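In order, the protein sequence lines correspond to chains B and A.
For the numbering used here, add 473 to where a residue sits in the first sequence, where the first one is 1.
For the numbering used here, add 473 to where a residue sits in the second sequence, where the first one is 1.
Honestly, the hints are just simulated from the structure, not real lab data.
Treat the hints with care, as some may be off.
If several chains are the same, the list does not tell them apart, and a pair holds so long as it fits within one copy or across any two.
Stated by the list, open to error - Here are the simulated DSS-like pairs of lysine-lysine, each with C-alpha atoms no more than 27 Å apart in a straight line:
#1 K561 - K513
#2 K498 - K486
#3 K620 - K561
#4 K603 - K498
#5 K513 - K486
#6 K603 - K620
#7 K603 - K559
#8 K620 - K513
#9 K498 - K561
#10 K559 - K486
#11 K603 - K513
This one's a predicted model, so the numbers in the text were calculated from it and none came from an experiment.
Number of protein chains: 2
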Amino acid sequence: MSSTPIFAERSDKNQIEEGLQLAPKFDQDGLIPVVTTDCKTGEVLMVAYMNREALQQTIEIGEAVYWSRSRQVLWHKGATSGMVQKVKEICIDCDQDAIVLRVEMIGGACCHVGYRSCFYRSIPFGEDAKRAGMDRPLTLSLTGGEKVFDPNEVYGKK
Amino acid sequence: MSSTPIFAERSDKNQIEEGLQLAPKFDQDGLIPVVTTDCKTGEVLMVAYMNREALQQTIEIGEAVYWSRSRQVLWHKGATSGMVQKVKEICIDCDQDAIVLRVEMIGGACCHVGYRSCFYRSIPFGEDAKRAGMDRPLTLSLTGGEKVFDPNEVYGKK
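Chain B extracted, bound-state conformation:
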């Protein structure tokens, strides 16, 4: 991949942590994890990944563009479903190896399963987990509310 002028070279720890130059770290697969949150509620909607090109495009067009690891293509979120994510803020962390994207969701849902957020199930912990028994698979609770859309209607039958 050719160099991307908007990304600085990563130098010393102090520059990365305290400096004001964008110097993102991409992992061995060329990806950086992205946490996408709803700009209105703060709710975490999804975790996805960007490569250099996806991050550059997101910065340029102000709509979320990810790298699809399953399909190995740039993934302009909403191109199929119409549910684009309009960027309101992009933050990067201390090590510059993770991104938070605050977005306005068009269409009211984010997850391909049909829920508003991908995080629609919770894991028992502490006393609840012990009561359930730590010698067998834990049972999740559905906490994401009702589905917002029917994936079969939006994406077609699989």
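With the hints as your guide, set chain A onto chain B.
Just chain A now, kept in the frame of chain B:
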């Protein structure tokens, strides 16, 4: 790594997405990404990683235990600084390959640099990025407020 009875085997897509058995996916390094949020404000505090043992311990003790990729050890957050993270909810996503941890922060800060959240800088995008010029490294803005503590006092001089 021996099997962990609280995690089910991953089988078909429908069971993983719509089922209620905990069947987390660990990547080629044995890790799953974790987004930690403040249970009171919803703010994203940090992105870290857990291996099987870290996730099992977090579930058991109800405090965040991560895998430190830099030090290659289990990392009971707050063991050094006293700023433990008490778990209020653990959610898993559709593919069961990412986790959201809602925590109560003890001590009011999360980031080792001294800020409340690791995401204390924002990246310009859209017209702002174009005005800055897309032919050179972008300049970040400090958006995380004041530092909550002095890392040199908490962790000692590096």
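We went through each hint and held it up to the structure:
Taking CA atoms no more than 27 Å apart as the test, K561 paired with K513 passes in both settings, with 10 Å inside one copy and 22 Å between copies. Within a single copy, K498 and K486 get their C-alpha atoms as close as 12 Å, which meets the 27 Å cut-off; across copies the closest is 31 Å, which misses it. In the homo-oligomer, the alpha carbons of K620 and K561 lie at most 27 Å apart both inside one protomer (25 Å) and across protomers (24 Å), since each shortest distance falls under that limit. In this assembly of identical chains, K603 and K498 lie within 27 Å of each other by CA distance solely across copies; the values are 22 Å between and 39 Å within a copy.
For the identical chains of this complex, K513 and K486 are neighbours neither inside a copy (33 Å) nor across copies (31 Å), given an alpha-carbon limit of 27 Å. Proximity of K603 to K620 under the C-alpha cut-off of 27 Å is found in neither arrangement, the shortest distances being 30 Å within a copy and 38 Å between copies. Taking the shortest alpha-carbon separations for K603 and K559, only the inter-copy value of 17 Å comes in at or below 27 Å, while the best intra-copy value is 42 Å. For the identical chains of this complex, K620 and K513 are neighbours both inside a copy (19 Å) and across copies (25 Å), given an alpha-carbon limit of 27 Å.
For the identical chains of this complex, K498 and K561 are intra-copy neighbours only, at 22 Å inside a copy versus 31 Å across copies, given an alpha-carbon limit of 27 Å. Taking identical chains as interchangeable, the C-alpha atoms of K559 and K486 are never at most 27 Å apart, the minima being 32 Å within one chain and 29 Å between chains. Taking the shortest alpha-carbon separations for K603 and K513, only the inter-copy value of 26 Å comes in at or below 27 Å, while the best intra-copy value is 36 Å.
Hint compliance for this structure: hints 5, 6 and 10 are broken, all remaining hints hold.
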